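Undergrad: Hints in hand, dock the two standalone chains.
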Amino acid sequence: MHTLKLLSAFLKMNIQMSLAYRADTIVNILLNLMWLGWELLSLNIIFSNTQTLGGWGIGELIALLGVFRLVNTLMIALIWPNTEKFNQSIRDGSMDYTILQPANSMFLVTFSRITVWRFWDLILAIILIVIGINMSGDLITAPQILTFILLALSGIIVIYSLWIVLIALTFWFTKFDNNVTILQALLDAGRYPATVYPVWLRVIVTFIIPIAVATTIPLQALRGELDFNQVLIFFFIGVASFIIASRVWKSGLKRYSGASS
Amino acid sequence: MFLIFKRLWQVNWAEQWQYRANLLMYLLYWLVSPIIYLAVWTSIATANGDVNGFTANDFVTYYMVLLICDQVTSNIVIHTFGYKIQDGSLSGELIRPIHPMLTNALVNNVAFKILTMIGLTPIWIILFFLFKPDFSSVTLTGILLAIPAMMLAFLIGYFQSAAITALAFWTTRVYSIHEFYFALILLFSGQFVPLPLMPQLIQDIAQYLPFQLLLYYPIQLILGNLSTEQIIHGYMMTGVWLVISWSIFNWVWRKGVKKYSAVGA
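Chains as they are written, first to last, in the numbering used here: chain A, 73 to 333; chain B, 90 to 354.
With the rest of the complex left out, here is chain B (with noise of 0.2 Å):
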């Protein structure tokens, strides 16, 4: 098993290095927006004084550090999968003897992921520096907690995104599906701003969604904002939910590959 994924990795992280011009490009655009954010909020901030106890350096930090968690837990599953689908180049991958999403797709995810994450290191030197912000709420316990945390959220959104990848075995449309999907991220993970500035309703669905998990809740535990019980319940809808999104995408995956009749087939 250990060298069928060294293999797996070697093809993978050569494949995602053919391409590194365009993962710039990727990591430039993705990198906008979470800049524009926090760039209105601390002007928001800096204009009066403090939002709802939010001082333009909890901004800062905040938008700074989901940086990097975004990187962490996010997925392309469905740009590098859902093609295989449709045009019936995953036939090749079915008759081998390893599941096709659970090794050769996660570890080409992995595999961008470190790429992505070279290239964001001297980004985010730069934006330290043009920021300056005051990380001295930071502590090595609190980083030592979310690395796990993020890696299991990374998973569950993995899964789900995986699940949703799969749809298309029925359907043509699995991009628009993942459009509705990436939207509930948007809304519910604190993605746009930290959780406690959302209207209140979006606030206690989001607390019952796994979407916090993603980014909201790595990033106070970075920044050490949570107390222990907040620590322990976050780790416990961690694993509630990876459980839950692994028997989704389980059952979504066994249903699909019975369905699948390649084309040409």
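Only chain A is shown next, with the shape it has when bound in the complex (with noise of 0.2 Å):
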């Protein structure tokens, strides 16, 4: 409950800071949809060259493509703007007021900046995966659904885990202040299927940033590709990753003594 308050005064704040950028935002939505139909066309002509790609259809990779867009959605809307606020937090001290306040820390570090406009890529990124999964015509059933849906927040929450674990790396190396740029150079790898990237790349992408996790694995769920054991140790990966990441996030703040003394 407490938490639900606190995160709906973060939304508020947020709102209201946006509100005052209204020419930006149309701007913004704009080259969003630019980049959308960018995503379609380059989709359009891998498709005009050939069948499938890794065993997928176009309406696969259009699924693919809204799950992707899940993904990126949680890197620029709440990613981006919180690692820039926190990097600044370490560097002039103000993390100093975070850790006073009577919350969660990691909490306060995750939700205090939500790009709110972004909130609309995500109905774009499920009305995408709809459209996609109707154009394969594959047959999809209710536990299938739960499954993805499972496997997705899973996902999500690895990359999440990842996050917190590279900002907190910042109590122990004050300096490490690009720490998240490797996550987003990698995040573009999620457009496509794994299957098709040469094994070097696939496991980069599956183990060590494992975009992988959260784009294609959640969509062979949709597609019932994968057996009971598989969901069940995908699923396990997110929970273990949110503790570990949850003890390096305390263990860091530990270390962590302020900008000026």
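Do not take every clue at face value.
[To be verified] Capping the alpha-carbon separation at 20 Å, the derived lysine to any residue pairs in SDA-like fashion look like this: (1) B/Lys221 - A/Pro270; (2) A/Lys157 - B/Asn111; (3) A/Lys77 - A/Gln173; (4) B/Lys221 - A/Leu273; (5) A/Lys84 - A/Lys157; (6) A/Lys157 - A/Tyr169; (7) A/Lys77 - A/Phe183; (8) A/Lys84 - A/Asp96; (9) A/Lys322 - A/Leu172; (10) B/Lys348 - B/Glu182; (11) B/Lys221 - A/Trp272; (12) B/Lys344 - B/Pro186.
These aren't lab readings, by the way, just hints derived from the structure by calculation. Remember, predicted model here, so these are calculated numbers, not experimental data.
TA: Take a look at the structure:
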């Protein structure tokens, strides 16, 4: 209850901030639509030259684009603005005030900045997933939809946990302030099924920077390609990575000593 | 003049060297999408035998050369100069008797470029052993012809980006305009895929635009895929677009500086 109240306060504050820049918001939405157009065009170019890509048709790739955009929204609406604020607060010591507040510091660091207009991207992403699945003609059952939602959530939590670990490293290495670039850099690999990549790249995007866990794998679940054990494993990875990230965050916080002391 | 450039070089080199960790991150960030395109298209070509005559090796060599060409012809002027107009720190440079955009910012870009090239070299060699491309079509003449072509293409791109950056004299939204410009490059330069695989309409338009000179033309030059006529045509296009881009930049810059009134003035 307490958490929800805080969240809605953050939302209100961020809506007010973005209302101050209305024209910018409209320009950003137009640019966002332009990129969507480009993404669809690039898929069209790929599939005018081939029937399948790594065993997937154009419908599946449009759905994958939708899932990719879910993760990308997380990056742009939450991770980037909060990283910026976090790095700033480590440099100038304003992290002191965050820690002093009577709420979970990891929660505060995650949600204090929200790029509100990006939420329309979520709707767009869901539309892409629905259209893509319809085009692919795959038969989808209710349990498959449930496992998809479960694994999409756990995939997003894996990415989120990795982010927490990356920014927590700043507690040890203060100068490590391009911490998130590596995450964003590899994110683009989530646009295509990981099965088309050469082995070394597949290993990187599955195990090291697990973009594929949040994009390819949930969609495989939606298509019913995963058995029960695999679903369980990927769900467990999500839970485990969150626990590890919280631990790393806590021990990092202990090392924090303020900028001036 | 030589002394001025020497001094500018020392300053800008030191400045870029200071950010070498950031530079490595930038390089990583920039590397990922060509490698993904490479992986996607080679996988399609291997599955289907070829794609409209392009074999898997054609794609590997295309993107491997693209990595170099893109590094040579691209620029970062919007990121290193745009804020100077916005926060007024340009004033200090304007009172110097040299053109800020054509001396300091240009040298800064070249310093950045040489550092990223140094960073790219080992990565490129690793990729070479991972993908094992067959570069047998590359000739020394092709490379020698491509070097001036790429340098001129860099200037074309530089003047265009500089013109867009100079729009900051009027609007705070230059970064959005530049994003749109970037999308045009993606569409017409052959960055996503060799131009002959693009839809016919885009190919037809691309012929008349400068963007293919940044990537597609020098790549084909290096890979030895062009006839003498095509090479001459490409160089003529480069000349024409260099003059056009320079004139546009010059015009926007002059108007902009007249309009300029620094923050706090």
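Undergrad: Confirm or reject each hint.
TA: The hints, checked one at a time:
1. B/Lys221 - A/Pro270: Holds: B/Lys221 and A/Pro270 sit about 13 Å apart, inside 20 Å.
2. A/Lys157 - B/Asn111: holds, 18 Å
3. A/Lys77 - A/Gln173: holds, 15 Å
4. B/Lys221 - A/Leu273: It holds: about 15 Å lies between the C-alpha atoms, which stays within 20 Å.
5. A/Lys84 - A/Lys157: Judged against 20 Å, a Cα distance of about 18 Å means the pair holds.
6. A/Lys157 - A/Tyr169: holds, 13 Å
7. A/Lys77 - A/Phe183: Holds, at roughly 12 Å.
8. A/Lys84 - A/Asp96: holds, 19 Å
9. A/Lys322 - A/Leu172: holds, 14 Å
10. B/Lys348 - B/Glu182: Given pair B/Lys348, B/Glu182 holds - Cα atoms ~16 Å apart, limit 20 Å.
11. B/Lys221 - A/Trp272: Given pair B/Lys221, A/Trp272 holds - Cα atoms ~14 Å apart, limit 20 Å.
12. B/Lys344 - B/Pro186: holds, 18 Å
When each numbered hint is compared with the structure, no violation occurs for any of them.
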